[in-house]
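Enquirer: Here is what each chain is made of, one letter per residue.
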Amino acid sequence: MSNPQHHPRYETLADFAAGRLDEARAVVIAAHAEVCEQCARDIDALEAIGGGVLANAEPAAMSADALEKTLAMTGAQIMPAQADERPRPASALDAYLGGRSIDALNWKWVAPGVHQHVMKAQGYRDGVLRLVKFAPGKGVPVHTHKGEELTLLMRGAYRDALGEWRAGDIADLDHEHTHEPIAFGDEPCVCLIATSAPLEFKTVLGKVLQPFVEL
Amino acid sequence: MAGGEKKAKAGENGRAMEDLLAAVAETGDRRAFAELFAYFAPRVKGVLMKGGASDTDADDLAQEVMVKVFKKAKLYDVSKASAATWIFAIARNARIDAIRRAAKPDLDPDEPMLVPEEAPRADVVCELKQRDARIREAVTRLPAEQREAMMLHFYADEPHSAIAERLGLPLGTVKSRLRLAIEKVRKELDFDDE
Ligand SMILES: [Zn+2]
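Each protein sequence line maps, in turn, to chains A and B. Residues 1 to 215 (my numbering) are what the first sequence spells out, left to right. Residues 1001 to 1194 (my numbering) are what the second sequence spells out, left to right.
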């Protein structure tokens, strides 16, 4: 895959590195960083800044027996290299797909040529994570964003007023944006969309569709 | 940029934090751990308290972070991150876990969830200790209000709007201080320079 051309806003990466994003958006950023060396580096750098802030921080005295309590809690147990408390899936999205491929999902019909698969993302801060698949020539109804929305293009391509988007590209839109992506090319376009608030459709068709989209 | 090589910061007894971590990983060295603890635990507690945590909560969470540091010592890779950066990531994840536990005590442990990485994602190109020392220097040079904004960004458990309210500042001011601070520090991180 060629390098992604569209990246998250730097603020979004800064929020990700600080653990400030809701679960759904964090998954989308992690999935993008898996295919985007540039953003992976930016996140590393931001984490190094978090470390720099820590090294510069003013110390606050720990309680008197803190070290003893801490050592007792470790039980002198050191985990073997390569192990982790929770096994890490190969990709950020895998845990949500439960080992299924995108093709094997139980896709729900939304509109002609448009299907979706909704996942609850209720990690540490709730968000909604959905995969939306639309056939070439089809699009997601015009909508604005009450909250923040992040879209990672997984397969195929789409076009909107801002340009062309291909696999690995991210659309990081704020509430001022309205967009209407239309898929093009030979295969259906599959997007991973994270929202921290329900989508708000602007067209009559969108309003009619809203109940089906399980928002 | 002025100045020549900067040495990685050493612990109180002159051993670099990275070496202390290696000693813990190899033999469970308690003295090395005690040194790490003396340096990092009060700093983790300090940033958490600045971020609004109570003394008790910050103390408990700092202990929890240091328990993880001990247990995970073998997972630390000195070629990929400085000790401070690695411990930052552990503290961040511990904080996220604490929020999760508090907000959702009934959450199914099998519920899918993202576990943010504690090791860098990219191959770090420039020399690591030097990079982290440069970042540390750059953070020291920031104006106090920018440093504060950055600390709260990384360690406070509240949205930027709440941080702004607590500081009695408009949200835009907090965001622009943060942006300026990150931009300044980022200049030290130019991966392609030299
Ligand atoms: Zn990117």
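One or more hints might be untrue.
[What the hints assert, rightly or not] A short list of chain B residues far from chain A (calculated; beta carbon distances all over 10 angstroms): (1) Arg1015; (2) Leu1167; (3) Gly1168; (4) Gly1172; (5) Thr1173.
[Unchecked claim] List of simulated lysine-lysine pairs, BS3-like, C-alpha gap at most 27 angstroms: (6) B/Lys1175 x A/Lys69; (7) B/Lys1071 x A/Lys69; (8) A/Lys108 x A/Lys120; (9) B/Lys1050 x B/Lys1184; (10) A/Lys69 x B/Lys1184; (11) B/Lys1104 x B/Lys1071; (12) B/Lys1071 x A/Lys120.
Don't read these hints as lab results, they were simulated from the structure. Every residue, glycine too, gets a C-beta built ideally from N, C-alpha and C.
Enquirer: Need the list of violated hint numbers for this structure, in ascending order.
Expert: Failing hints, ascending: 6, 10, 12.
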